[in-house]
Structures are given as C-alpha cells and as structure tokens.
Amino acid sequence: MSTVIATQAVAKPNPMANLDELVEQYGRVPAEHFRYCPGCGLGMAQSALMRAFQRLQIDMSQVAGAGGSGCYSIMGHYLNMGVLHGGHGRGAAMATGMKLANPHLTVVNLQGDGDSLSIGGNHTIHAARRNIDVTVVMFNNFGYGDTGGQYGATTPKGSFTETSPYGMPEEPFDACKLMIGAGATFVARSTVYHAVHLTKVLAEAIAWKGFSFVEVMQHCHVLWGKRNGMPKATDMLNYYRDNSVFSTPNLKREEQEGKFVLGVLHKQARPEFTEEYAKIRKLAAARAGGQGLSPLNTGGAV
Amino acid sequence: MTRRLLMGSEAICEGAIAAGVRFYAGYPITPATEVAEFMSARMPQVGGSYVQMEDEMGSFAAAMGASCAGVKAMTASSGPGLALMQEEIGHAIAGEIPVVLVNVGRHGPGIGNATGSAQMEVMQAKYGPNGDCPMIALSPSTIEEAFWLTVKCVNLAERYRTPTILLTEGLLALQRSVVDLPDYGKVETWERPRPEGAPSEYANPYMATSLTAVPPMGDFGTGYRSIFRTGGIQPQHGAKMTRFEAQHFSTTRLNQKVEAHRDELALTEALQTEDADVLYVAFGTQFHPARAAMQMARAKGIKAGVLRLITIWPFPDKAIRQAAQHAKLAVVPEMNLGQLRGLVTQALAGSGIRIDGVNHVNSLTITPQEILAKTEDMLR
Numbered sequence: 000m001s002t003v004i005a006t007q008a009v010a011k012p013n014p015m016a017n018l019d020e021l022v023e024q025y026g027r028v029p030a031e032h033f034r035y036c037p038g039c040g041l042g043m044a045q046s047a048l049m050r051a052f053q054r055l056q057i058d059m060s061q062v063a064g065a066g067g068s069g070c071y072s073i074m075g076h077y078l079n080m081g082v083l084h085g086g087h088g089r090g091a092a093m094a095t096g097m098k099l100a101n102p103h104l105t106v107v108n109l110q111g112d113g114d115s116l117s118i119g120g121n122h123t124i125h126a127a128r129r130n131i132d133v134t135v136v137m138f139n140n141f142g143y144g145d146t147g148g149q150y151g152a153t154t155p156k157g158s159f160t161e162t163s164p165y166g167m168p169e170e171p172f173d174a175c176k177l178m179i180g181a182g183a184t185f186v187a188r189s190t191v192y193h194a195v196h197l198t199k200v201l202a203e204a205i206a207w208k209g210f211s212f213v214e215v216m217q218h219c220h221v222l223w224g225k226r227n228g229m230p231k232a233t234d235m236l237n238y239y240r241d242n243s244v245f246s247t248p249n250l251k252r253e254e255q256e257g258k259f260v261l262g263v264l265h266k267q268a269r270p271e272f273t274e275e276y277a278k279i280r281k282l283a284a285a286r287a288g289g290q291g292l293s294p295l296n297t298g299g300a301v
Numbered sequence: 000m001t002r003r004l005l006m007g008s009e010a011i012c013e014g015a016i017a018a019g020v021r022f023y024a025g026y027p028i029t030p031a032t033e034v035a036e037f038m039s040a041r042m043p044q045v046g047g048s049y050v051q052m053e054d055e056m057g058s059f060a061a062a063m064g065a066s067c068a069g070v071k072a073m074t075a076s077s078g079p080g081l082a083l084m085q086e087e088i089g090h091a092i093a094g095e096i097p098v099v100l101v102n103v104g105r106h107g108p109g110i111g112n113a114t115g116s117a118q119m120e121v122m123q124a125k126y127g128p129n130g131d132c133p134m135i136a137l138s139p140s141t142i143e144e145a146f147w148l149t150v151k152c153v154n155l156a157e158r159y160r161t162p163t164i165l166l167t168e169g170l171l172a173l174q175r176s177v178v179d180l181p182d183y184g185k186v187e188t189w190e191r192p193r194p195e196g197a198p199s200e201y202a203n204p205y206m207a208t209s210l211t212a213v214p215p216m217g218d219f220g221t222g223y224r225s226i227f228r229t230g231g232i233q234p235q236h237g238a239k240m241t242r243f244e245a246q247h248f249s250t251t252r253l254n255q256k257v258e259a260h261r262d263e264l265a266l267t268e269a270l271q272t273e274d275a276d277v278l279y280v281a282f283g284t285q286f287h288p289a290r291a292a293m294q295m296a297r298a299k300g301i302k303a304g305v306l307r308l309i310t311i312w313p314f315p316d317k318a319i320r321q322a323a324q325h326a327k328l329a330v331v332p333e334m335n336l337g338q339l340r341g342l343v344t345q346a347l348a349g350s351g352i353r354i355d356g357v358n359h360v361n362s363l364t365i366t367p368q369e370i371l372a373k374t375e376d377m378l379r
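From first to last, the protein sequence lines are chains A and B.
With the first letter of the first sequence counted as 1, position 153 gets the number 152 in numbering that gives the first Met the number 0; the numbers rise by one all the way through.
With the first letter of the second sequence counted as 1, position 330 gets the number 329 in numbering that gives the first Met the number 0; the numbers rise by one all the way through.
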C-alpha cells in the first residue's frame, strides 16, 4: 500500500543505474525489444518510471496497471506488472475497479492525452473527484500519434498536424489545471528532458495516498516536431529545456506565460476513497448484525 | 431455506451474492436502477464493493478492472445504457475477462418509454459489440428463476472467461413474488481457471493449445502478472504460428470456447411439444401468456405446445427443431417487432412450417387471447 511505500522511499534514485539492470528488475522484455520510434520520448519516460519504482523499492507483483490506446500503451507490456490494456480512455475506470476490489494493489494508470482529456476525460476527472489511490501518468505528445499525428486537446494553438493543415484553430487544455479543478489531491508536471525531476515527481505521485496525476511532456518529433520546425528529437528536448519554468511560490504570472510550468503544482491531503469505503463496509456489516450472507429483506435497508 | 417476498431486482442481487459477486459498478437507469440500489446496500454488508460510476462505459470498465483483480464483478443497465456498454462488452470478450451484465429491458429506440417494459435487446445482446463475438445470455420467466439464472450467469462467466448477460425485463425486475431462497453456503459456485504452476512459468492469460480451451487467468496481486489485452494477436502456447495464423486461431477460439458447449448452454423448457401441431416459442415474461394460450387451445382441441427459451444465446436452434417436429405452424409472442421470430424462422428454415408472431411494442403484456386468435387465424 502507498503508506508502506512512502516509508520505504529513502533510497535516492541513481540516475546512472544501468538501463539493462533496471529492465531486468522492473521490465518484462529486454530493452532491445522496445518498439518506440527512434528518439521517442516514451523510452525516456519509461526509464523514469522504472527509476521511480526502483526509488520506492516497489514489489512489482503488487502493481497493477491500466491503459487504453495510444503510442504509450505498449509501455504497460514492457513493465513487469499486471496490466489491463483495454478500451481507449477507460483506463481510469478500470483502475478504479482494480483499486476498490483490492486496495492492497499499487495501481498505475498510464494514459495518453487523448485518453485523459478527450475520450476518457469523464473517467479521469471522476477518479480525481473520488480521490481514489490511483496514479494517472498522462503522456502528452500534443496529439494523436498512434493514428498518424492528428490534433487533439493538447495541440498548441496555431501548430500544424495532419488534421490542422492550416494551423490549429482551437485552444489546448491545461491538463494540470483541469485535474486540480476536478479535485485531484496531487498534480505535477515534468518533461522527458528533465528526466531526474520526472523520476522524482513520479515516485512522489505513486507514493501519494490518494489520486495523483502527472503530466509527462513527451515529445513526438516524428509527427508533431517535423511539421513544426523541430524534426529531430534533440530539437524537441531543447524546446522543453528552453520553454519550461519550475513552479515556485513566487513565480509571477508573466514568467509563466507561454511556458510549461513544471513541478508539483498542487498537493492537498483529503480522505482516500477506498479507506472511506472500508468504513462503509464496517458500518454495513454492523447493521446486518453479522448476517450479511444470509438472505436479508433488503427492502428495509434501501 | 428462507422464504421472502422479493422484487425481481432483489432476487437478481441475491443470486449474484450467493454466486460470489463482490463488486458492483453501476450507473442509474430506469428500470435497472433498483439493482444498483439493492447492491449499494448489500455489497458492503458482505465485504464487497459498490461504486457509482460516471457512465455506463465506466461501470463496465470498473467491473473489468475488479475482475482482473480477482473479484467476481457485475453491472446492470437497460436499453440506452446497454448500447453504451457495447464497446466494453467487446473488450471483455476479447480480453476474456468475466463480468456479469444484467439488462433490464425497456422500450426503445432512443429514450423510448423508460418505464415501459420490452424485450428489444434480443439481437443487441449478441450482435452489439464490433467483431465476431460469442455471447451467453439467459432470460428468466419468474422471480425465483431470476435468482438461479443470475447464479448461472456468474458461474458461466467465470468458467468460460467471457461476459454473460442476464436478459430480463422491467416487467419482471419490478414485480414482487414470494421466493424460496437457499442457504447461500450450499449454492454451487464455479471459479475461473487459475494458473497452478510457478509464476515464473506463467507467460500470459491466453496460453491456449486448443480451439475450445479456456486458459488460466492470473489475478492481479497474485504474482502471475497477467497482461490482459483486448487487442493485438494473442500469443499461443508452444505453437509456431505466423501472425495471421495466430489472429485466426485466437478469434476462432474466442467463439469456439463457447460454441463447443452449445448443447449444455442452450437451455429450454418444453411443454406438451411431443404431439404439438402448433408451437409457441416464447421467453421471459411472455412465456406466461404463451402457456395460457396453449391451455386454451388444448381445451378447444388444438394441439398446442410451448417451447420456453431459458437461454437466448447461444441460440437453442436444435431444441426449436426438436420441439417443432410435428408442428404445422409456429407463433412467436414477444415484446418487440419480431427479433426472436427472425431467429426461429432461421432455425426452422426448410421445414415448411408457417411462422408468425404476436408483437407488442406498447409495453402492455401480450394476452393469451391474442395468441389464440392468431393461431386460429393461421389454422383457418
């Protein structure tokens, strides 16, 4: 459980740990089997996620993942945990079922920006509202990569995609603000350029008791970058480097303008859903006088 | 044994509890709301969980998540909600994840008459999801049977690792009747096949060697680290296959694992069909007017019989042909415009039997007199 993990979170991440060692412990297949595009940010994000598991010394047999559709969704298959790779956007709902059915599981819901903010937006905001102890990791690649680079709810205004050939006419979501508004108790943002920082916030999110949301800025130089003047992976890493600012209490509004604000943006403890539900089980069992399993006239209970 | 006055919805919930369901996720919808209401009271009493989700896709998805975590899971809905759930039903079929769905039928299409009962999801229950899907759907005719068929739906979902549907109607779910409930400890319950070997030898939940196999399913948190996937080619145990062969094998197996048991799954009840010139085929609540019509016809010297379908899917076509052996005509009374009649016509193709229906889409139950009048009309 998260509380146990939190007390174990003493070992510092070793940013120099050998990737093969990490994969052996936290992965399911050797690194050469990873099928991300060359230079894709997802490999860096997966590395950070495995380092976060390592930092927390997590027993991977007690980790359950949920995922939907997107470039990222293959990541669940590369990690040495139980996974339900189901419908597009339903990850947060599947994760809710897993965690409530077995609160001892550490539940990680990998999502794309299409999952979190478009087709599965409803599930994600309601998981946040419930404050169920699930970590949503949202990989933001500015659109739909798996289908070839169409615009989505995170595509920057004016940028070019397969379905915005004249420039994106819509405004994107600020996913973190949305999740704070929905009641998420832990919200953070980082980028794959800031790999050590990303590892740190992922570990903190997984250890957090309650709903945690991490937006991972994960570049797609192949589909978005090349249409927007950044055709190489390094172009986009530099873009994250030059356009990010770390959140501090004194950060002025004008300093945030047009930047990716990184860091833990919101943290506010609130009763966790499965713990609250455990109280309901006790109350209901007491009212049933230990006769729950015998046929009751439930008409009176409803 | 305990004797209780139970609402249909209540009997369904009690059946689920007796069968070991300990997780319910739902979204309110008339006339299935009562199932959610009873479950919200009952699940925590028995150490289970109830959660009200944000929509029907979420309800079914949460039930799938719970099922993967090793807990028997259920949800319920009605027409428009069932339509929304089709996506997730398809995923549960593909991922071979047991979930029980209760559909309490109401009038449609669209919002229709929410409080009006109907039997309009006969075809949707099987053909709703995309792709070639197997389906197990059972339909009770009485409240006591609703208890037992819910137990069966849970058991079959687990044994065959596939979603099952209890196809009932507002007319039954909202009625009350005196029901004799068994001691729940004595109800026969089935479990999903689970892996027995060392976790290191367990590759994935789709290791099947034959087209009818139901492979072991490692629950989350047990060390078996299943990857449940609802897309892509399912890897097969020890077999060297091209990706095309593997895709063919897995798609065929999904259907064959149910189809191979068609005879034991296709449950029916035959009343006086041995010598029947006239066959009534009915299911759910509309069995009752069909039986009454049979008695009225017999009193008039017309040899009528009834075949009641307990199983809707897989469709009991063999039983229909058997019951229609001497029949000259068949009448299908149903609360829709002829969905079951189409299936009966298909089952009796080439037999020369004249088939017609008595159809109500006004949410009023069909009367025995109407069925008898149709019979006499056809005999004339």
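Calculated from the structure, these hints are not laboratory results.
Cβ coordinates follow ideal geometry from the N, Cα and C atoms, glycine included.
Do not rely on the hints blindly, as some may be mistaken.
Stated by the list, open to error - If you want the ones that stay clear, here's a sample from chain B, every Cβ over 12 Å from chain A, calculated: (1) Ile110; (2) Met122; (3) Asp218; (4) Ser225; (5) Arg228; (6) Thr250; (7) Thr251; (8) Glu258; (9) Met377.
Unchecked claim - One-sided excerpt, in silico: chain A residues whose CB lies under 8 Å from chain B: (10) Gln61; (11) Val82; (12) Gly228; (13) Ser293.
Taking 8 Å as the limit, does the beta-carbon of Ser293(A) come near enough to a beta-carbon in chain B? 7 Å, holds
Over 12 Å to the closest beta carbon of chain A is the bar; see if Asp218(B) clears it. 8 Å, violated
Would you settle whether the hint for Gln61(A) is holds or violated, based on the nearest Cβ-Cβ distance to chain B being less than 8 Å? 6 Å, holds
Should the interface hint for Val82(A) be scored as holding, given a Cβ-Cβ cut-off of 8 Å against chain B? 5 Å, holds
Once the closest CB in chain A is found, is it more than 12 Å from Met122(B)? 22 Å, holds
Does the claim that Glu258(B) lies outside the interface with chain A hold up, using a Cβ gap greater than 12 Å? 24 Å, holds
Can the hint on Gly228(A) be confirmed by a CB-to-CB distance to chain B that is less than 8 Å? Result: violated, 34 Å to nearest chain B Cβ.
Quick check for students: does the CB of Thr250(B) sit more than 12 Å from each CB in chain A? With a cut-off of 12 Å, Thr250(B) remains clear of chain A, as the shortest Cβ separation is near 18 Å.
Outside-interface status for Ser225(B) - nearest CB in chain A farther than 12 Å: 5 Å, violated
Least C-beta distance from Ile110(B) to chain A larger than 12 Å: Consistent with the label, Ile110(B) stays out of reach of chain A, its closest Cβ about 20 Å off (over 12 Å).
Just want to verify: Met377(B) was marked as not at the interface with chain A; is every Cβ pair farther apart than 12 Å? 45 Å, holds
Any Cβ of chain A at or closer than 12 Å to Thr251(B), or is the non-interface label fine? Since the minimum Cβ distance to chain A is about 22 Å, Thr251(B) lies beyond 12 Å and the statement holds.
Figure legend: structure checked against the earlier numbered hints; hints not met, in rising order: 3, 4, 5, 12.
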